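2 protein chains.
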Amino acid sequence: MNTGRRGFFGRSLAAGGIAALAAQHPKIAAASGGLDGKPLEVPDWTKMLGPGVTAAPYGAPSEFEKDVVRRNVPWLTVSEQASINFTPLQDLDGIITPSGLCFERHHGGVPAIEPDLHRLVIHGMVRQPLIFTMSDLVRFPSVSRIHFLECPANGGMEWKGAQMAGVQFSHGMVHCCEWTGVRLSTLLEEAGVAPAAKWLLAEGADAAAMTRSIPLDKALDDVIVAYSQNGERIRPEQGYPLRLIVPGWEGNVQVKWLRRLKLGERPWQHREETSKYTDLMPDGKARQFTFVQEANSVITAPCPEKPLKAKGFCEIRGIAWSGRGKISRVDVSLDGGANWQTAELQTPVLDKCLTRFRLPSRWQGGPVFLQSRAIDETGYVQPTIEQLRQVRGVNSVYHKNSIHTWRVNQDGSVDNVQVL
Amino acid sequence: MNTGRRGFFGRSLAAGGIAALAAQHPKIAAASGGLDGKPLEVPDWTKMLGPGVTAAPYGAPSEFEKDVVRRNVPWLTVSEQASINFTPLQDLDGIITPSGLCFERHHGGVPAIEPDLHRLVIHGMVRQPLIFTMSDLVRFPSVSRIHFLECPANGGMEWKGAQMAGVQFSHGMVHCCEWTGVRLSTLLEEAGVAPAAKWLLAEGADAAAMTRSIPLDKALDDVIVAYSQNGERIRPEQGYPLRLIVPGWEGNVQVKWLRRLKLGERPWQHREETSKYTDLMPDGKARQFTFVQEANSVITAPCPEKPLKAKGFCEIRGIAWSGRGKISRVDVSLDGGANWQTAELQTPVLDKCLTRFRLPSRWQGGPVFLQSRAIDETGYVQPTIEQLRQVRGVNSVYHKNSIHTWRVNQDGSVDNVQVL
Chain A
1 MNTGRRGFFG
11 RSLAAGGIAA
21 LAAQHPKIAA
31 ASGGLDGKPL
41 EVPDWTKMLG
51 PGVTAAPYGA
61 PSEFEKDVVR
71 RNVPWLTVSE
81 QASINFTPLQ
91 DLDGIITPSG
101 LCFERHHGGV
111 PAIEPDLHRL
121 VIHGMVRQPL
131 IFTMSDLVRF
141 PSVSRIHFLE
151 CPANGGMEWK
161 GAQMAGVQFS
171 HGMVHCCEWT
181 GVRLSTLLEE
191 AGVAPAAKWL
201 LAEGADAAAM
211 TRSIPLDKAL
221 DDVIVAYSQN
231 GERIRPEQGY
241 PLRLIVPGWE
251 GNVQVKWLRR
261 LKLGERPWQH
271 REETSKYTDL
281 MPDGKARQFT
291 FVQEANSVIT
301 APCPEKPLKA
311 KGFCEIRGIA
321 WSGRGKISRV
331 DVSLDGGANW
341 QTAELQTPVL
351 DKCLTRFRLP
361 SRWQGGPVFL
371 QSRAIDETGY
381 VQPTIEQLRQ
391 VRGVNSVYHK
401 NSIHTWRVNQ
411 DGSVDNVQVL
Chain B
1 MNTGRRGFFG
11 RSLAAGGIAA
21 LAAQHPKIAA
31 ASGGLDGKPL
41 EVPDWTKMLG
51 PGVTAAPYGA
61 PSEFEKDVVR
71 RNVPWLTVSE
81 QASINFTPLQ
91 DLDGIITPSG
101 LCFERHHGGV
111 PAIEPDLHRL
121 VIHGMVRQPL
131 IFTMSDLVRF
141 PSVSRIHFLE
151 CPANGGMEWK
161 GAQMAGVQFS
171 HGMVHCCEWT
181 GVRLSTLLEE
191 AGVAPAAKWL
201 LAEGADAAAM
211 TRSIPLDKAL
221 DDVIVAYSQN
231 GERIRPEQGY
241 PLRLIVPGWE
251 GNVQVKWLRR
261 LKLGERPWQH
271 REETSKYTDL
281 MPDGKARQFT
291 FVQEANSVIT
301 APCPEKPLKA
311 KGFCEIRGIA
321 WSGRGKISRV
331 DVSLDGGANW
341 QTAELQTPVL
351 DKCLTRFRLP
361 SRWQGGPVFL
371 QSRAIDETGY
381 VQPTIEQLRQ
391 VRGVNSVYHK
401 NSIHTWRVNQ
411 DGSVDNVQVL
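These protein sequence lines are chains A and B, in that order.
To convert, note that position 197 of the first sequence is 197 in our numbering; the numbers rise steadily by one, no gaps.
To convert, note that position 53 of the second sequence is 53 in our numbering; the numbers rise steadily by one, no gaps.
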């Protein structure tokens, strides 16, 4: 591939091409018409009135987009109530993930919570225990932030070399939404945190009663008790009516269906921070409380689900993110990491938020080993898989953020491979 | 009202309140439990497994949010295929409008376009007429931008003093989405625009074959031929599969179901820029091509649909926008415009994008005349209704962007009034 920005497709799009297309499909002739001075022909859908403004009080995607859905991997878990499905990153543009396509990770399925009956309790080492209704919470000073949210198991199946079928499964446990709610610090100030309190337990109202311990420093920093996602109330599978948003930290601590916050002196050592969500190191010890999702990135076009269909101009597109702050640079390699070019970042580049990157390129038809490498504002550089394995071994499931490789084959198909 | 940020609700939220609540509704006791050292009781929804990860490949809002929908005004138009429905601004937070709730304005209903058969034609005064398939367009260099989009008739029913029932109908012909597509300038460069060409005709593939003339200067500036809205392909009612995004300009020129772009020397004087979408001035002449949506704002909480339910702390929230660039300041008045306070703007403040503003306040129970006033980066100040009428008279329908007034009554209800 060579990069180049001008004369993208030469003559291939010119009007003369229409005759061949029309021969293949009569509807195309009607849709496009000629350009040789005659009026353009009128397609069928222009000849009839469509549905009006009462047809869809709440809209839905086109029926032609029915394959753009979350997908799960049936063999991955024993039950689908304690399982995962994946965001179809291969079909998405920009940085906002539509709420209906945000990956799901549940531990006991989605509870059907009546918002008028839902309560948030703050107790433990506080001056004044408090109970909040949803109406109470909405009255407090609010804040809106666009943040990515990633399951720490994203990519985890590839630690030992398994190659998932495409980008939906290799990287699709991430989404990015605008969240609105109350700063947790505001609520904690209302309750009055005891000076000796250093940790906070967050509990969900799902059947798993999912709990995680969170350091108070982070809780007082940028954590949001959120009731809104992408403008409207949070979707049921994302925590309706209330979710803890812990920007940049692993999704598991961003407790959904938030029901209880308890202040204490030390972590509670519950299931999800002992037997799960720890990193088993080469020496057999497990690292605990490795909360931050380090810088990561992946190319979403081309990818296994979106092969190259023609030689010539190709815009390489992808997403990058870092739990430590803003993405400062993304490099792209076409030769498996030997040489790198700097991609363009779509502005605004936001804190702990997906960042869309793009690199104009040109595919000559030969094999290409495509990689992206994210660098965040702290200077952290996304590692190679060897670098990650040198430190972490091969027993981990969580926090695999290594540079990913797509092999573009001569026929334009794309495979998920590891370059070592 | 007095502003104040601390001790928002005093003791009213304390744990002692739970007994009275529980007496009213036994489920609340189960949901909340006690705080006096006993374990919290467990609500019903925590006692059963919920749906798993295959339940909703494409998600939807909670059933408890079923009243958060677009609404139309049946008497407003003769047919619902050439009509309007309104964004429920009273229910939204942040700046992103969920795609399913973006207002609709159609002139011939929603066409059911097959994307594989859809074509975009560029012709007229060009070196090389071109026909693009959707696959062609997606291959070009892409750009993503978050922009508001407003129908110029937003608020138009209030020119002569009619007061709509609430903010959904008074200001709900605006939404804000992340759009991704190809810069129009890129496609025009490919076609080669003739030096004498100064205007462009954009045509939709709907049953109205909606057309508008757009100056070439704007077309070459920041216009996008968009295929994606809030991350996924554009919704049918918003122009699937292709829409012209003309940032900051009236919605009517942001042609949906975009099928044809013709270059020419002068505007085409079609129906939607002669008998419609003009401003009838006091002298009987009609202003044409008043494209820009000037700075505007409205308070969305409280509003007629969201009355105040209790005295004390109240965060006044609203949205502001300007077709000329960024919002630089929003002022809020509690006394019908006599005194003003500066609201906080949620960052990032983006170009031609909704901007969320907030002002902490305190309601003492008396009547309040709430107003907001937007100022944009050009120094333009949102006018009063008298200032607007002095220039424009009372015969206009479009481009009513005057300061809006909500009267908060002693019982907390909110009315739409005009303060003269």
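No lab work stands behind these hints, which were simulated from the structure alone.
Every value quoted in this text rests on a predicted model; they were computed, and no experiment measured them.
Any given hint could be a false lead.
To be verified - Cβ-Cβ distance ranges computed for the label pairs, FRET-style:
{"#": "1", "chain 1": "A", "residue 1": "Q128", "chain 2": "B", "residue 2": "Q387", "range": "47 to 53 Å"}
{"#": "2", "chain 1": "B", "residue 1": "Q387", "chain 2": "A", "residue 2": "K66", "range": "35 to 41 Å"}
{"#": "3", "chain 1": "B", "residue 1": "V381", "chain 2": "A", "residue 2": "Q269", "range": "57 to 63 Å"}
{"#": "4", "chain 1": "B", "residue 1": "K47", "chain 2": "A", "residue 2": "R127", "range": "28 to 34 Å"}
{"#": "5", "chain 1": "B", "residue 1": "V42", "chain 2": "A", "residue 2": "Q269", "range": "43 to 49 Å"}
{"#": "6", "chain 1": "A", "residue 1": "D116", "chain 2": "B", "residue 2": "V42", "range": "56 to 62 Å"}
{"#": "7", "chain 1": "A", "residue 1": "E386", "chain 2": "B", "residue 2": "D221", "range": "35 to 41 Å"}
{"#": "8", "chain 1": "B", "residue 1": "P195", "chain 2": "A", "residue 2": "K311", "range": "49 to 55 Å"}
{"#": "9", "chain 1": "A", "residue 1": "E63", "chain 2": "B", "residue 2": "A194", "range": "47 to 53 Å"}
{"#": "10", "chain 1": "A", "residue 1": "Q269", "chain 2": "B", "residue 2": "T347", "range": "56 to 62 Å"}
{"#": "11", "chain 1": "A", "residue 1": "A338", "chain 2": "B", "residue 2": "E265", "range": "50 to 56 Å"}
Glycine included, each C-beta is placed from N, C-alpha and C at the ideal position.
- Numbers of the earlier hints that this structure fails to satisfy, in rising order: Of the numbered hints given earlier, those the structure breaks are 2, 5, 6, 7, 8, 9, 10, listed in rising order.
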